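So the protein lines, in turn, are chains X, Y and H. Take 11 as the starting number for the first sequence in my numbering and just add one per residue. Take 20 as the starting number for the second sequence in my numbering and just add one per residue. Take 40 as the starting number for the third sequence in my numbering and just add one per residue.
Calculated from the structure, these hints are not laboratory results. You may find that some hints are simply not true.
[What the hints assert, rightly or not] Below, a list of computed lysine to aspartate or glutamate pairs in the DMTMM-like style, where the Cα atoms sit at most 25 Å apart: (1) X:Lys440 <-> X:Asp52; (2) X:Lys61 <-> Y:Asp184; (3) Y:Lys172 <-> X:Asp328; (4) X:Lys440 <-> Y:Glu178; (5) H:Lys132 <-> X:Asp328; (6) Y:Lys120 <-> X:Asp165; (7) X:Lys61 <-> Y:Glu125; (8) X:Lys61 <-> Y:Glu157; (9) X:Lys440 <-> Y:Glu125; (10) Y:Lys172 <-> Y:Glu125; (11) X:Lys440 <-> Y:Glu112.
No experiment lies behind these values; they were computed from the predicted model shown.
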Amino acid sequence: MKHLRGGGFALVPAVFVGVFFAYPIATLLARGLGIDASRLFDVVTGTRFLKTIWFTTWQAFASTMLTALVAMPLTWAVANRSFRGRRVARVLVTVPFVLPTIVVAGAFIAVMDSVGLEAGALRSRHTIWAILAAHVFFNIAVFVRTVGGFWTQLDRRPEEAARTLGASPLRTFREVTLPRLWPSIAAALTVVFLFCFTSFAIILRLGGLGRASIETEIFRYAISLNDISTAAALSMVQMVAVVALVGLNGWLQGRLKGRQGLVVDRGLPSTSARQRISLGVIVFGTAVLLAVPLVVLIERSFSHGDGYSFGNYAALTDRVRLLPISALRALGNSLTFAVAAAGIALLIGGLASLAIVHGSRGVSRLLDLGMLLPLGTSAVTLGFGVLIALDRGVLDLRGSWWIVPITQSLIAIPFVVRGVVPVLRAIDPKLRDAASTLGASPLVVRREIDLRIGSRALANGVGFAFAISLGEFGATSFVGRQPDTLTVPLAINRLLATPGDLLRGQAMALSVILMIVTTLVVLIGDRLHPSSGGML
Amino acid sequence: MSGLAIAGLTVRFGRTVAVDDVTLAVPTGEVLALVGASGCGKSTLLRAVAGLLVADSGTISWDDVSLDRIPTHQRDVGLMFQDHALFSHRSVEENIGFGLKMAGVESAQRRQRVNELLELVGLDGFGPRSVEGLSGGEAQRVALARALAPEPKMLLLDEPLASLDRARRVELNAELARLLRELNQTAIYVTHDQEEAFALADRIGVMDQGRLLRTGTPAEVWRDPRTELVARFVGHEVIIERAGKRFAVRSDAVTAAPVAPPADETTNQNQARDLNQAVGRNQSAEIVGTVVASTFQGDRHELTIYALEQSWRVFAVEPMAVGAMVELIIDETKLAQLHS
Amino acid sequence: MKKNTRIARILTAILALSLIAAACGGSDDTAELEIGSASTETTTANTDEPTAAPVQVSADEPDAPVIGFADEGCPTLTLATYDSFVVSEGLFKIFTDDTCIEVEQVAAGDAGQLVSSSILTKDNPTADVMFGIDNTFLQRGLDADLFLPYESALLASVDSVLQLDPEFRVTPMDYSDVCVNYWIDALPGAVPTTLDDLVDPVNEGQFVTENPETSSPGFAFLLATIAAYGEDGWEDYWRALVDNGLAVTPGWSEAYYGEFIAGGGDRSIVTSYASSPPAEVIFADPPVDSAPSGVLFDSCFRQVEFAGILAGTEFPSSSQQLIDFMLSAEFQEDIPLNMFVYPANGNAELPPEFVEYGVLADNPATLEPSEIEANRQDWIERWTEIVLG
């Protein structure tokens with residue numbers, strides 16, 4: 011029983027990540043590194059690759075900073091102000107996150123076309139700005155929900171004290187709020203950076219030619235050149251980045267920690283016209299930014315024949331010749347996978363969070379790294395690793411139904427962990443002590459205190475996991491699947507690969523449905539979340 | 020006038036009226052204790068004075084200058100909470116020096132002032148410590164020092180001792196009282212504890228459901244509560260009727276004298292009942308009750324006596340047995356007439 | 040502290056074990072190779088007598104004897120395909136009814152991924168039969184010894200031009216051409232008929248193609264130009280294309296739906312498939328009665344897709360039956376409308392839309408698979424230098 015106080019929680023997540031991630035990756039690397047080490051050395055030190063590393067790193071960095079900047083106003087609004095539509099805002103911001111990148115790229119291109127940014131020298135389609143914009147579009151949700159969720163649970167009184175001590179609102183934010191928020195911000199930035207670092211489709215499609223990231227290079231070596239060994243080795247370079255990042259993050263967080271007063275919800279309604287206006291500007295402004303590509307999408311989904319109708323949507327119930335199953339069934343598949351993936355992420359992520367917060371420093375660091383690594387690993391490596399590693403006996407999951415949600419959950423778990431850990435760390439240890447003295451065994455303490463208080467962040471993370479799974483394309487296409495387990499992103503991809511307006515319209519309609527389903531699920535998830543009851 | 024003036028202040032949250040047309044003045048150098056049950060609006064009033072919320076109507080002014088347009092960080096008001104709300108990522112020294120830093124005081128001067136304050140609150144040498152490991156009492160002292168450091172015009176204390184244990188509370192209460200007097204600090208001290216209020220306030224304001232019922236010096240309020248609510252609050256637990264008027268019975272108004280026990284129990288009770296009814300009808304001045312509890316307090320005994328269907332608290336030099344019948348003798352001059 | 044260091048040690052152990060397992064996991068299962076070689080012997084025997092094995096596939100003759108096929112019971116075969124492999128419902132059921140062999144499909148990405156993952160899992164394959172390796176990747180698969188040879192009797196109905204492997208390690212299944220398409224109404228000048236027309240100034244800024252490194256049709260077009268202009272001339276051709284305002288996209292959909300008229304762009308010439316014009320008719324919205332786009336025959340490059348029996352299979356004989364079924368007219372006739380390619384079996388009937396609107400080049404360009412594989416990287420690098428600078 012005592013073991014469960016701390017590191018004992020680490021066992022299940024460690025085994026999970028060990029079997030489904032570490033083992034496949036290690037197998038692939040072992041196979042890859044045995045061959046032609048000198049060629050590998052040439053590749054890695056060649057100018058092309060060094061330029062690639064440089065580009066990948068700085069575009070990820072720029073994307074992350076830009077995301078933080080753009081997301082901050084809305085994050086502030088959602089955390090600190092209660093207003094009609096607050097819940098909706100928190101949910102809608104998740105929609106871009108779930109869209110398959112091919113669809114978003116298409117929508118962005120359409121937007122840029124219509125605004126006339128295509129003429130001559132202003133070919134913004136293939137500039138770095140398109141990549142940054144698309145990355146921000148996607149990742150805004152991570153920031154708003156993770157940091158916003160944490161912020162909204164921070165009790166206001168230190169800021170009030172600061173105000174009475176003569177700090178202007180801006181200074182209060184800088185001197186008091188920001189340090190308090192830092193653990194959560196650092197967590198969100200890490201995840202966004204990794205996402206952008208391993209971004210594939212966006213860089214491929216919006217970056218134009220001649221722009222390569224480490225991920226696209228891995229793809230190139232693995233598929234076009236059939237050079238698995240180099241691809242595997244390049245994957246190691248990616249992982250080095252992850253390790254470095256986690257180390258940096260750990261160092262940064264170590265300097266600023268401390269329990270915080272936590273409340274259920276710190277949002278207050280606007281009390282003056284000026285407050286209402288500034289709130290309106292922020293919410294509306296961000297909404298417009300996010301909505302434009304989505305509106306384009308929706309418009310396209312309705313254009314049927316010469317006018318607008320529901321034709322494309324109706325067609326989804328029939329089986330298009332090009333797909334092995336009807337789009338509706340694909341939706342069912344996607345939802346089922348998403349539920350499974352979210353469930354796994356909930357269990358593993360929850361346990362891992364507890365272990366990270368309560369375990370010893372060694373366990374904590376190791377587990378944190380282990381959970382984060384899959385996010386920074388190429389889908390190619392992951393998929394191929396599974397193919398060659400999980401191929402015997404009980405572990406032969408290739409082509410099985412479960413391998414899809416398992417691989418999807420590997421990417422989703424970091425979101426859960428990064429959201430929950432800051433909250434758990436902020437709990438006053440006296441609360442746990444009090445519970446113990448009142449007769450609660452360590453397990454019960456976890457349930458009553460940690461689970462209760464962290465439940466909102468947990469629900470948040472699970473919502474993310476669901477959205478990630480719904481829109482996931484890379485890993486799903488790499489692990490072998492039965493054709494009747496086609497998912498919506500794969501179906502959309504297929505529909506867009508053949509000429510014909512009918513098919514394109516259906517692909518758009520399917521994307522819109524994906525958006526709606528995600529919105530509903532996240533909305534329901536938010537409502538079902540139990541409140542942690544009272545000020546803490 | 021010099022000092023704080025609140026006129027007709029009303030604060031609403033939705034349909035609830037948290038502060039209802041309150042008019043109050045706190046002259047410079049005075050400590051006003053705002054007392055009342057939880058939820059009566061005292062904290063809200065405090066926050067309005069600090070500028071942390073905007074009132075629906077009424078004005079707040081200092082030295083006759085309205086504070087309405089002035090934001091919190093320019094009001095020069097100090098605030099201390101029940102749970103200190105220290106900046107957890109900073110040291111004790113940084114916490115206390117925060118206000119000075121905001122005012123642009125240089126670090127050398129800051130350090131000096133911080134040390135002064137640490138001495139003042141009895142935490143010498145705590146400067147470089149992190150606030151994480153402080154005990155409750157220590158944290159509250161740091162919070163106090165932090166609030167006092169920039170020498171605010173007005174200090175607002177929101178139940179600062181409520182989270183401490185009894186011994187700490189008594190100790191800190193005394194220190195606070197001393198400090199406030201020494202510094203001649205204008206302050207509003209919010210509490211639900213009547214004893215605390217009496218100990219350090221120059222004047223008391225009693226609030227209930229957003230309204231200010233009574234202001235006055237502790238002695239005034241105690242002697243003449245005027246309403247039942249206030250009477251109960253300041254500790255007058257017994258209300259009796261005399262000649263159609265209602266009176267609060269001060270604890271120093273009653274003495275107990277033993278009554279000779281009758282032959283049997285039932286006669287006893289009947290007698291008591293008859294007598295008490297007679298009292299009710301204003302036909303007898305005798306009030307008879309039964310001792311329910313007796314607590315030894317060193318130089319006297321605190322008796323709890325049940326009479327007239329109320330619980331009376333009476334002090335006696337001689338002990339009395341539980342269950343004994345006593346007569347309660349009331350000093351008419353020490354009754355406080357109630358007006359509502 | 041003690042219990043937590045214990046946990047840390049357990050975790051490190053797990054990690055270490057994974058690495059060790061990985062190192063050992065690389066060693067092959069020799070047992071399966073034996074089965075493989077046994078069946079090779081059987082099938083080599085078959086190839087000596089090409090007429091010896093009648094094909095039991097059509098439902099019309101359920102009583103015909105099955106000669107030459109070993110009895111493997113009623114196994115379940117796994118068919119590995121790319122994601123866009125689609126057959127009509129019930130088609131494989133016909134096969135199962137005839138032979139009691141069940142067919143399960145596993146899809147693994149696009150054609151390139153399919154080949155790569157098959158090579159990767161060669162020693163412990165996920166499937167018995169693979170459908171989808173094409174001529175540009177063929178040599179890769181052959182070099183990796185992926186397949187068991189099998190000469191199906193139905194190959195008699197397949198044009199010899201499509202039978203690219205003399206050793207019958209793979210069987211042709213379907214073919215199509217990658218050709219330059221043009222949108223008839225949007226052309227600035229006359230209809231282009233030769234590759235040279237693409238560098239004609241009248242068509243400046245009209246042509247968009249795909250990056251051969253990341254796009255299969257893009258690569259096919261590059262091969263077409265190499266076949267047409269030879270090793271010495273193709274680079275100059277591309278330089279001329281670049282001078283004439285060529286646009287390049289990473290993939291087919293960006294080209295077709297991004298830059299080409301069909302998707303709202305402003306270029307009238309694009310590298311696509313010979314099956315694109317029929318598709319434009321079939322999936323038109325609103326419906327049209329003639330194809331809005333046409334094909335530049337001079338630019339076509341033949342793409343052939345093959346199926347093959349994977350060397351590690353436990354059921355070589357059943358796999359052979361599956362190959363035969365997939366080469367049969369019944370199966371082949373299902374292919375065009377589902378996958379938009381032409382059936383390899385000459386006896387299979389084409390759907391009317393394909394007959395009316397479909398076009399195939401009489402003389403498409405081709406290159407030897409071995410040549411493609413040998414020069415692939417070099418050609419792409421040189422192309423990248425010329426076009427992307």
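Verification of the supplied hints:
Among the hinted pairs, X:Lys440 with X:Asp52 is inconsistent with the structure: their alpha-carbon atoms are about 57 Å apart, more than 25 Å. For the proposed pair X:Lys61 and Y:Asp184, the alpha carbon gap of about 65 Å is over 25 Å, so the pair is violated. Restraint check for Y:Lys172 and X:Asp328: the C-alpha separation of about 76 Å exceeds 25 Å, so the hint is violated. Annotation: proposed proximity of X:Lys440 to Y:Glu178 holds, straight-line Cα distance about 21 Å (limit 25 Å).
Note on H:Lys132 and X:Asp328: the hinted pairing holds, with a Cα-Cα distance of about 21 Å set against a maximum of 25 Å. Straight-line distance between C-alpha atoms of Y:Lys120 and X:Asp165 comes to about 23 Å, which keeps the hinted pair within the 25 Å bound. A distance of roughly 48 Å separates the Cα atoms of X:Lys61 and Y:Glu125; the hinted pair therefore is violated under the 25 Å criterion. For a cut-off of 25 Å, the pair hint linking X:Lys61 to Y:Glu157 is broken: about 57 Å separates their Cα positions.
Of the pairs offered as hints, the one joining X:Lys440 and Y:Glu125 is violated, with about 37 Å between alpha carbons and a cut-off of 25 Å exceeded. Between the alpha carbons of Y:Lys172 and Y:Glu125 the distance comes to roughly 21 Å, so the proposed pair stays at or under 25 Å and holds. For a cut-off of 25 Å, the pair hint linking X:Lys440 to Y:Glu112 stands: about 24 Å separates their Cα positions.
Of the hints listed earlier, those the structure fails to meet are numbers 1, 2, 3, 7, 8, 9, in rising order.
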